[in-house]
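Chain order of the listed sequences is A and B. Residues in the first sequence are numbered consecutively from 1, following the working numbering. Residues in the second sequence are numbered consecutively from 1001, following the working numbering.
Just so you know, the hints here were simulated from the structure itself, not pulled from any lab data. Glycine included, each C-beta is placed from N, C-alpha and C at the ideal position. Some hints could be false.
Now the stretches of chain B that chain A is said to cover, found in silico as 3 or more residues with beta-carbon under 8 Å [what the hints assert, rightly or not]:
#, segment
1, 1057-1070
2, 1154-1167
3, 1363-1374
Here are the simulated DSBU-like cross-link-like pairs (lysine-lysine), alpha carbons at most 30 Å apart as the crow flies [said to hold, decoys possible]:
#, chain 1, residue 1, chain 2, residue 2
4, A, K52, B, K1423
5, B, K1247, B, K1028
6, B, K1123, B, K1028
7, A, K52, B, K1120
These are the residues of each chain, in order.
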Amino acid sequence: MATAARREIRVDRNLCMGSGQCCWYAPNTFDQDDETIAIVIDQHGDPAETIKTAADSCPTQAISIAEDSGQD
Amino acid sequence: MDIDLIDYTDPSLTSDPYRLLDYLAEHKPVYLEPHHGVVMVTGPEEAIAVLRAPDVFSSATIVAGPDPMSLFPQRPEGDDITEFVNANRRYLPQNDQIVSADPPSHTAQRALLMGLITPKRLKENEEFIWRLTDRQLDEILPRGTAEIMADYAQPYTLLVIADLLGVPEEDHAELLSRRLGSQMTLGERTAKGPETGDRAPQDRGDNGGGDHGQNTLSIFYDYFSAKVEELRQRPQGDVLTGMAQAKFPDGTVPGPIEVARIASNLFAAGQETTVRLIGTALRRIADEPEVQALLRAHRDLVPRFIEETLRTEGPILGEYRLAVKTTELGGVRIPAGTPVLLANGAANRDPRQFECPAEFRVSRENVRRHIAFGHGIHTCPGAPLARSEARITVERLLDRTTDIRINADAHGPAGNRRYDYMKTYMFRGLTRLHLDFTVRG
């Protein structure tokens, strides 16, 4: 199965500027903590494309997505 | 209303710009207005589409006014004028500032700021903002009354950004006098009406660099260039040191002037907008006792209160883009060369996104879903700082007073207030705000 079963989304807390734009695109994947820094609430909260859009849209490029192809 | 009769640049609209903007957001999210041939983008989805396509909608004309084409020596033709615009940026105002840059130049400049003004860093150093807040409140609270913009917000935002950048206190007066001695900063320039295009480029002041477009922040460049060179020799713990040590994404070291331009923007342009945000927030607290009571009782709502202030009445009403490729948006064909007014202040009040959008509701679930700080690559890098300054100001003011009121002598009685707003369609902000305080005993 070649789905993104082993996705790992990471937010670099040193880079995140709290713009909240990731939550805009992928609200079921990202949220903001009390300091407005982005957090991942569900690695698979939204379709892969949507999560990629959210990561690409980050003004400070603080989001990275590591995907395992699924061949274990 | 017959929308075609209204010229959005009419200064008489500045007391209530939202009548026009709210109408457009609801009925004509993309509107080719007939007075200047500007495409006004007021719908949130359409605004975001523009902000996400810098290759189609260039920031080159961000403060160039409704007729940027008149600033160029000739008019470009064709459905893709990207190369023409890139070759002629020197004719446009603020052409050496990051706000008017497009990728890849923008990407390189922005890299110098990465990770320097973040919620994490500000939280770790929050004590310094609290200290400066109290220091400036000490100036106004004992009097029991103050004009907030000049007596608090202006000096306060200067203290904070200077401290963050590492500008020593003995230099504040000099930088202030440079600023007052110049015609205007970026914010003040647009406040008086952006370049209107009613004069030929050669009539404009030349900044000495052979450019025709003005770069009004150049008054600070030599100061910050010298600072950058100094900090490269003797690094400190401040943001300017971080910028001085940052490299471009390709690994090259920026020249001191390249860092100085961005530092000047942080120093001057960011201040002005934060001043307006603080004024608008405090007007709301002083004018609406129920909002003040709510915040006094539930201090944890202050961040949401700031967001709702940004959403309903953020400091930026709009800024320009230039269509450099022929395109279509919201069913409207936009030929290359068309000026676009991106109306952040309207997009944040779209009834499809926000129920009763004109109403101030701290409890809105989607209170953060606004574009007051922009969206995409140009998202305001100072946003975390502006949020902190506004929040801590409100918190300390509530801590140190039992009541905050509008001064009726200056603004009239409740129900019949008079406020003066900046006479510009690009910014929303009070020119002055007189408040009275009952200081906690």
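Here's how the hints hold up against the structure:
1. 1057-1070: Result for this restraint: violated, n = 0.
2. 1154-1167: Contact hint for the segment 1154-1167 of chain B vs chain A: violated, 0 residues under 8 Å.
3. 1363-1374: Per the Cβ count (3), the hint holds.
4. K52/A <-> K1423/B: Violated, at roughly 42 Å.
5. K1247/B <-> K1028/B: With Cα atoms ~44 Å apart, K1247/B and K1028/B exceed 30 Å; violated.
6. K1123/B <-> K1028/B: violated (41 Å)
7. K52/A <-> K1120/B: Answer holds: K52/A to K1120/B is near 24 Å, not above 30 Å.
Hint check: violations occur at hints 1, 2, 4, 5 and 6; the rest are consistent with the structure.
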